[in-house]
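Protein chains: 2
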Amino acid sequence: MTPSLSEFARRVPPFHVMALLERAQALSAQGHDVIHLEVGEPDFTTPEPVLAAIQDAVTHGCTGYTPAAGLPALREAIADDYRKRFGAQVSPAQVVVTPGASGALQLALAALLNPGDGVLLTDPGYPCNRQFVRLVGGEPQPVVLQAGNHFNVDSEAFMAQWQANTRVAMVASPDNPTGNMVPAEVLQQLAQGAQEKGGILLVDEIYQGLCYTQPASSVLAGSAPVLVINSFSKYFCMTGWRLGWLVAPEPLVPAIERLAQNLFLAPSTPAQYGALAALQEPTLTILEQRHQLLARRRQCLLNGLAHLKLPVVSRADGAFYVYVDVSDYTDDSFAFCANLLEKAKVAMTPGLDFGQGHDHRHFVRLAYTCSEARLTEALRRLEQYLESL
Amino acid sequence: MTPSLSEFARRVPPFHVMALLERAQALSAQGHDVIHLEVGEPDFTTPEPVLAAIQDAVTHGCTGYTPAAGLPALREAIADDYRKRFGAQVSPAQVVVTPGASGALQLALAALLNPGDGVLLTDPGYPCNRQFVRLVGGEPQPVVLQAGNHFNVDSEAFMAQWQANTRVAMVASPDNPTGNMVPAEVLQQLAQGAQEKGGILLVDEIYQGLCYTQPASSVLAGSAPVLVINSFSKYFCMTGWRLGWLVAPEPLVPAIERLAQNLFLAPSTPAQYGALAALQEPTLTILEQRHQLLARRRQCLLNGLAHLKLPVVSRADGAFYVYVDVSDYTDDSFAFCANLLEKAKVAMTPGLDFGQGHDHRHFVRLAYTCSEARLTEALRRLEQYLESL
Ligand SMILES: Cc1ncc(COP(=O)(O)O)c(C=O)c1O
Ligand SMILES: Cc1ncc(COP(=O)(O)O)c(C=O)c1O
Numbered sequence: 001m002t003p004s005l006s007e008f009a010r011r012v013p014p015f016h017v018m019a020l021l022e023r024a025q026a027l028s029a030q031g032h033d034v035i036h037l038e039v040g041e042p043d044f045t046t047p048e049p050v051l052a053a054i055q056d057a058v059t060h061g062c063t064g065y066t067p068a069a070g071l072p073a074l075r076e077a078i079a080d081d082y083r084k085r086f087g088a089q090v091s092p093a094q095v096v097v098t099p100g101a102s103g104a105l106q107l108a109l110a111a112l113l114n115p116g117d118g119v120l121l122t123d124p125g126y127p128c129n130r131q132f133v134r135l136v137g138g139e140p141q142p143v144v145l146q147a148g149n150h151f152n153v154d155s156e157a158f159m160a161q162w163q164a165n166t167r168v169a170m171v172a173s174p175d176n177p178t179g180n181m182v183p184a185e186v187l188q189q190l191a192q193g194a195q196e197k198g199g200i201l202l203v204d205e206i207y208q209g210l211c212y213t214q215p216a217s218s219v220l221a222g223s224a225p226v227l228v229i230n231s232f233s234k235y236f237c238m239t240g241w242r243l244g245w246l247v248a249p250e251p252l253v254p255a256i257e258r259l260a261q262n263l264f265l266a267p268s269t270p271a272q273y274g275a276l277a278a279l280q281e282p283t284l285t286i287l288e289q290r291h292q293l294l295a296r297r298r299q300c301l302l303n304g305l306a307h308l309k310l311p312v313v314s315r316a317d318g319a320f321y322v323y324v325d326v327s328d329y330t331d332d333s334f335a336f337c338a339n340l341l342e343k344a345k346v347a348m349t350p351g352l353d354f355g356q357g358h359d360h361r362h363f364v365r366l367a368y369t370c371s372e373a374r375l376t377e378a379l380r381r382l383e384q385y386l387e388s389l
Numbered sequence: 001m002t003p004s005l006s007e008f009a010r011r012v013p014p015f016h017v018m019a020l021l022e023r024a025q026a027l028s029a030q031g032h033d034v035i036h037l038e039v040g041e042p043d044f045t046t047p048e049p050v051l052a053a054i055q056d057a058v059t060h061g062c063t064g065y066t067p068a069a070g071l072p073a074l075r076e077a078i079a080d081d082y083r084k085r086f087g088a089q090v091s092p093a094q095v096v097v098t099p100g101a102s103g104a105l106q107l108a109l110a111a112l113l114n115p116g117d118g119v120l121l122t123d124p125g126y127p128c129n130r131q132f133v134r135l136v137g138g139e140p141q142p143v144v145l146q147a148g149n150h151f152n153v154d155s156e157a158f159m160a161q162w163q164a165n166t167r168v169a170m171v172a173s174p175d176n177p178t179g180n181m182v183p184a185e186v187l188q189q190l191a192q193g194a195q196e197k198g199g200i201l202l203v204d205e206i207y208q209g210l211c212y213t214q215p216a217s218s219v220l221a222g223s224a225p226v227l228v229i230n231s232f233s234k235y236f237c238m239t240g241w242r243l244g245w246l247v248a249p250e251p252l253v254p255a256i257e258r259l260a261q262n263l264f265l266a267p268s269t270p271a272q273y274g275a276l277a278a279l280q281e282p283t284l285t286i287l288e289q290r291h292q293l294l295a296r297r298r299q300c301l302l303n304g305l306a307h308l309k310l311p312v313v314s315r316a317d318g319a320f321y322v323y324v325d326v327s328d329y330t331d332d333s334f335a336f337c338a339n340l341l342e343k344a345k346v347a348m349t350p351g352l353d354f355g356q357g358h359d360h361r362h363f364v365r366l367a368y369t370c371s372e373a374r375l376t377e378a379l380r381r382l383e384q385y386l387e388s389l
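First to last, the sequence lines map onto chains A and B.
For the first sequence, counting from 1, position 282 maps to 282 in full-length UniProt numbering; every step adds exactly one.
For the second sequence, counting from 1, position 360 maps to 360 in full-length UniProt numbering; every step adds exactly one.
No wet-lab data here; the hints were simulated from the structure.
There could be a bad hint or two in this list.
[What the hints assert, rightly or not] Cβ pair distances, simulated, as ranges:
hint : chain 1 : residue 1 : chain 2 : residue 2 : range
1    : A       : E185      : B       : T2        : 18 to 26 Å
2    : A       : S4        : B       : K84       : 31 to 39 Å
3    : A       : R23       : B       : E76       : 19 to 27 Å
4    : B       : Q146      : A       : S223      : 42 to 50 Å
5    : B       : M1        : A       : A221      : 15 to 23 Å
6    : B       : E372      : A       : R23       : 54 to 62 Å
[Claimed, not checked] Covered by chain B, according to a simulated footprint, are these stretches of chain A (three or more residues, beta-carbon under 8 Å):
hint : stretch
7    : 51–63
8    : 98–106
9    : 110–122
10   : 194–200
11   : 246–255
12   : 269–275
Please read all numbers here as calculations on a predicted model, not as lab measurements.
Ideal placement from N, C-alpha and C gives every residue a C-beta, glycine not left out.
Construct all of the structure, not just a fragment, from the sequences and the given hints.
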């Protein structure tokens with residue numbers, strides 16, 4: 001009766017953490033106090049000046065479509081921001097505003113990949129990347145990062161995986177789930193390496209600004225040609241508004257813009273007016289305060305994990321994640337998460353969601369997207385749970 | 001230096017009307033008063049109760065991600081609305097909320113098509129459909145509609161085009177650019193025909209509610225299994241908010257939901273809270289008033305075109321478009337539009353944008369998305385222009 005699904009659709013895995021989340025919701029509904037350390041978005045709501053700008057725009061009638069690549073003023077503001085905050089020269093003509101980094105990832109990969117083309121991507125890494133590649137018939141080519149090397153990206157080892165059909169190398173900095181930042185010189189080596197092979201490096205900078213051991217930076221401050229993905233979701237606390245952007249070498253932009261026209265028509269108009277305010281001083285000041293809060297939470301979590309002797313093998317310099325080695329307690333981090341939820345009412349994300357190539361059974365991701373008080377309580381419960389094992 | 005584009009990206013055509021629009025903007029910048037009859041969105045802004053609901057939600061902190069398939073309350077409200085306004089039984093579990101009808105079209109086709117699979121689509125028709133098919137390696141299979149038959153969809157002729165690799169038949173009702181509605185019995189025949197072939201009918205109902213010669217309807221009131229696309233863009237005047245939905249046979253939904261998770265993460269949260277208000281009485285009352293205004297504009301335009309002896313060969317029962325035969329004046333409707341813009345400062349969309357299979361050189365699309373006064377002035381200018389030829 002019902003027509004069959006495409007092979008792609010049949011093979012797209014769910015986010016495994018969703019099963020845990022459903023259980024967490026059921027526990028909450030029963031009156032349990034569940035602490036959520038699995039949430040991949042800031043617990044801060046969209047800053048007031050952004051909301052005010054949106055309200056102002058919509059009451060002035062700005063509720064129709066914008067150009068497919070975004071409001072010219074926003075493309076300019078984004079280019080300006082690269083100069084001001086990151087010392088990078090970007091032309092507004094290189095900027096395409098998109099429905100989230102999700103939209104940017106889709107556009108970039110659809111613009112570059114023919115069926116059968118390969119994309120190097122890190123394992124562990126952001127799980128959706130594989131699906132953006134597969135959507136257009138491309139081949140995800142996982143580069144397995146080693147826990148023994150702190151899940152760092154080594155440019156030589158990475159580029160050694162380049163195959164005849166590879167067209168794109170992808171990394172995220174700061175990274176999800178490890179929180180690692182890829183050093184500027186490694187990014188330049190990857191970019192040059194990819195260029196020499198006739199391909200390109202794609203850097204996902206969605207967690208830009210959320211770093212704790214060094215100043216915020218962009219690969220665009222370097223000279224090698226790259227494709228950059230970004231978003232107003234994380235640093236700007238606008239996840240629900242679905243707005244991101246990409247920065248591409250200018251010759252690629254007209255085609256990317258035509259793709260955007262056809263696939264999305266345009267990004268959200270109110271969100272774009274909000275984004276204009278997001279890049280201005282009053283909002284940036286609020287965001288820096290939040291950034292400081294995150295830094296304190298991070299330290300609280302790292303201290304607590306050290307006390308529990310749970311190793312954070314990645315450097316966790318950025319984003320709001322730590323990737324924790326639980327191999328002293330389990331060979332099945334999914335079961336570990338499920339039990340922890342039942343017994344201690346603490347939710348975490350099992351390593352499985354970030355790739356099956358790396359040693360995912362030994363890892364869980366903790367997000368510090370809740371208050372220090374909650375983190376402290378979660379650590380207390382975790383300690384009790386570990387003692388009970 | 002720059003990596004090469006994918007073949008798909010290279011082949012995606014621009015919207016041809018964009019070239020005219022740029023010229024229109026230049027003319028406006030020079031102080032000319034350009035009348036825009038090419039705009040495919042309502043000139044009405046988002047209704048006040050929708051904006052109020054959004055403002056209320058965001059000030060209460062609803063700015064984070066929602067579930068990938070949308071807020072459960074919105075999926076329920078949409079299902080309810082089918083019952084109340086269209087007499088159709090739809091379960092909330094069949095509804096997936098998406099980033100516009102654009103997102104819904106992409107999801108639906110990615111869920112169904114393997115590379116090489118064919119999709120029957122009307123020519124003339126909505127131009128992006130071809131690209132959603134090509135994105136996943138599918139083959140657009142144009143079904144050329146005949147001006148002599150008022151660009152009507154004939155179920156037998158349509159299904160006669162079904163090929164061995166065809167998986168989906170797509171129609172829009174009301175249609176863009178013809179304004180035609182496909183009669184309920186024809187839709188049921190198409191749905192049954194597609195089902196017998198092991199495929200499915202996809203009906204784009206994005207202009208639902210915008211019809212002038214019969215009550216609004218949905219193919220879902222019938223019994224044959226179909227996939228339906230819809231949006232808050234047009235009837236609800238929310239284009240800039242980027243919110244739509246699809247209704248699928250329930251067995252397809254889990255996979256569509258996983259796809260949505262990976263490709264979009266979630267639809268816009270504020271837009272979803274707005275949509276909840278959009279489906280309620282205060283907004284529906286406003287929208288019905290706007291609908292009445294559109295009905296008057298339509299009549300004004302049809303009268304004016306009749307006076308000019310310019311045939312509207314389609315029935316133009318719905319949407320806000322009329323598709324006009326200008327073959328008495330030109331064999332090149334693109335040049336006709338360009339000249340009309342220069343000489344009379346009236347912008348229209350040439351037939352070329354809606355497919356090259358039909359007699360596009362003889363057709364232009366006029367949208368009645370401006371006031372009656374502007375329409376009357378446009379008709380006056382058009383008359384002068386035609387007399388000058
Ligand atoms: C590394 C990474 N890239 C991209 C995204 C997509 O985010 P959005 O579409 O909200 O901008 C996410 C979201 O969690 C992410 O972690
Ligand atoms: C027939 C048709 N389908 C789908 C769309 C996409 O609209 P949206 O993504 O704004 O819902 C449009 C927009 O013009 C259209 O005319």
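Within the stretch 246–255 of chain A, is the number of residues with a Cβ closer than 8 Å to a Cβ of chain B three or more?
Three-residue rule met by the stretch 246–255 of chain A, so holds; n is 4.
Using a Cβ cutoff of 8 Å, are there at least 3 residues of the stretch 110–122 of chain A near chain B, or does the coverage claim fail?
holds (count 7)
Closer than 8 Å, Cβ to Cβ, for at least three residues: run that test on the stretch 269–275 of chain A against chain B and report holds or violated.
It holds, with 3 qualifying residues against the three required.
Range hint 18 to 26 Å (beta carbons of A/E185 and B/T2) holds or violated
23 Å Cβ-Cβ, so the 18 to 26 Å window holds.
Are there three or more residues in the stretch 98–106 of chain A whose C-beta lies closer than 8 Å to some C-beta of chain B?
Contact hint for the stretch 98–106 of chain A vs chain B: holds, 5 residues under 8 Å.
Given the range 42 to 50 Å, decide if the beta-carbon distance of B/Q146 to A/S223 lies inside it.
Violated, since B/Q146 and A/S223 (Cβ atoms, about 58 Å apart) do not stay within the stated range.
Against the range 54 to 62 Å, how does the distance between the Cβ atoms of B/E372 and A/R23 compare: consistent or not?
58 Å, holds
Range agreement (Cβ of B/E76 with Cβ of A/R23, hint 19 to 27 Å):
For B/E76 against A/R23, whose Cβ atoms are near 23 Å apart, the range 19 to 27 Å holds.
Is 31 to 39 Å a correct range for the gap between the Cβ atoms of A/S4 and B/K84?
33 Å, holds
How does the stretch 51–63 of chain A fare against chain B when you require at least three residues with a CB closer than 8 Å, holds or violated?
holds (count 8)
Are at least 3 residues of the stretch 194–200 of chain A within less than 8 Å of chain B when you compare beta carbons?
holds (count 4)
Do the Cβ positions of B/M1 and A/A221 conform to the proposed distance bound of 15 to 23 Å?
19 Å, holds
The structure is inconsistent with hint 4 alone, although it conforms to all the rest.
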